[in-house]
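Under the working numbering, the first residue of the sequence shown is numbered 326, with each subsequent residue one higher.
There's no promise every hint is true.
[What the hints assert, rightly or not] Label pairs and their computed distance ranges (CB to CB):
hint : residue 1 : residue 2 : range
1    : K416      : D508      : 45 to 51 Å
2    : E392      : L529      : 30 to 36 Å
3    : T534      : T388      : 46 to 52 Å
4    : T534      : L378      : 41 to 47 Å
5    : Q372      : L441      : 21 to 27 Å
6    : R473      : S515      : 38 to 44 Å
7    : R395      : F539      : 40 to 46 Å
[To be verified] Straight-line C-alpha distance at most 27 Å; calculated DSS-like pairs for lysine-lysine:
hint : residue 1 : residue 2
8    : K549      : K475
9    : K549      : K532
10   : K549      : K416
Hints in this document: simulated from the structure, not taken from any laboratory.
Here a beta-carbon is modelled for each residue, glycine too, at the ideal position from N, C-alpha and C.
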Amino acid sequence: MSEYSCSPLKACIPVCPKEGSLMVLAGNARLLSSVRTQQPGSLPEYQVDPYRLLDDDLKDVYTDIREELRRNTTIPELQTIATYYFDGHGKALRPMVAILMARAINYHMYKEKSALLTSQRQVAMISEMIHSASLVHDDVVDQADLRRGKPSVNMLWNHKKVTMAGDFILAVASMMIARLQNDDVTITLSQVVTDLVQGEFMQLGSKETENERFAHYLTKTYRKTASLIANSLKAVSIL
326 MSEYSCSPLK
336 ACIPVCPKEG
346 SLMVLAGNAR
356 LLSSVRTQQP
366 GSLPEYQVDP
376 YRLLDDDLKD
386 VYTDIREELR
396 RNTTIPELQT
406 IATYYFDGHG
416 KALRPMVAIL
426 MARAINYHMY
436 KEKSALLTSQ
446 RQVAMISEMI
456 HSASLVHDDV
466 VDQADLRRGK
476 PSVNMLWNHK
486 KVTMAGDFIL
496 AVASMMIARL
506 QNDDVTITLS
516 QVVTDLVQGE
526 FMQLGSKETE
536 NERFAHYLTK
546 TYRKTASLIA
556 NSLKAVSIL
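Given the sequences, and given the hints that come with them, work out the whole structure.
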């Protein structure tokens, strides 16, 4: 028997210097992977529209946000600017994902008694308000012309008023967070605002090397986008 022995399903790179053995081992590894993961039959295809699934939960989200903003100021122009992006034409992605998580958690915990909590729906609204406030500020920084198929806020009002309107949306969202009276949720959602500001600052800068730029991009993207979704899901799970 040769001094080298190769098991067909074991890696033997350190002890098997035979020519061509690496190709054989690679083929065996792919075969093993296929054997372990292949299942008989095919999985059924599910085509579920989450927006239809949550139609009752989402249908008044923008209306309730507009009402919340109007309730907290008597200045007509501020009301108009602050509610401009809450006209119902957005995708409502963040509220949708937050409510999906809330309903999944509730069903896991309570089965048939798994109704969406008012506080969880408030978190869904807050997530959309924080997102839209960031869009208002983005439009000022980027001097955008259009947003969601219509003129951006900074094209219709001066930059100072638009910036303050963005701040107002964040302030009202912060009041809504405080009304939840849950310290863990307050800390979680406050982190979103902290991340957003840092993400905006990072977007204004750049790095020299390719690796630095990629790491910078990933961190910036998490802080500007992913943090809001992740922490909103965490918040509804806490509640």
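Status of the hints after comparison with the structure:
{"no.": "1", "hint": "K416 x D508: 45 to 51 Å", "in the structure": "violated (31 Å)"}
{"no.": "2", "hint": "E392 x L529: 30 to 36 Å", "in the structure": "holds (35 Å)"}
{"no.": "3", "hint": "T534 x T388: 46 to 52 Å", "in the structure": "holds (49 Å)"}
{"no.": "4", "hint": "T534 x L378: 41 to 47 Å", "in the structure": "holds (45 Å)"}
{"no.": "5", "hint": "Q372 x L441: 21 to 27 Å", "in the structure": "holds (23 Å)"}
{"no.": "6", "hint": "R473 x S515: 38 to 44 Å", "in the structure": "violated (27 Å)"}
{"no.": "7", "hint": "R395 x F539: 40 to 46 Å", "in the structure": "holds (44 Å)"}
{"no.": "8", "hint": "K549 x K475", "in the structure": "holds (23 Å)"}
{"no.": "9", "hint": "K549 x K532", "in the structure": "holds (18 Å)"}
{"no.": "10", "hint": "K549 x K416", "in the structure": "holds (18 Å)"}
Hints 1, 6 from the earlier list are contradicted by this structure; the remaining hints agree with it.
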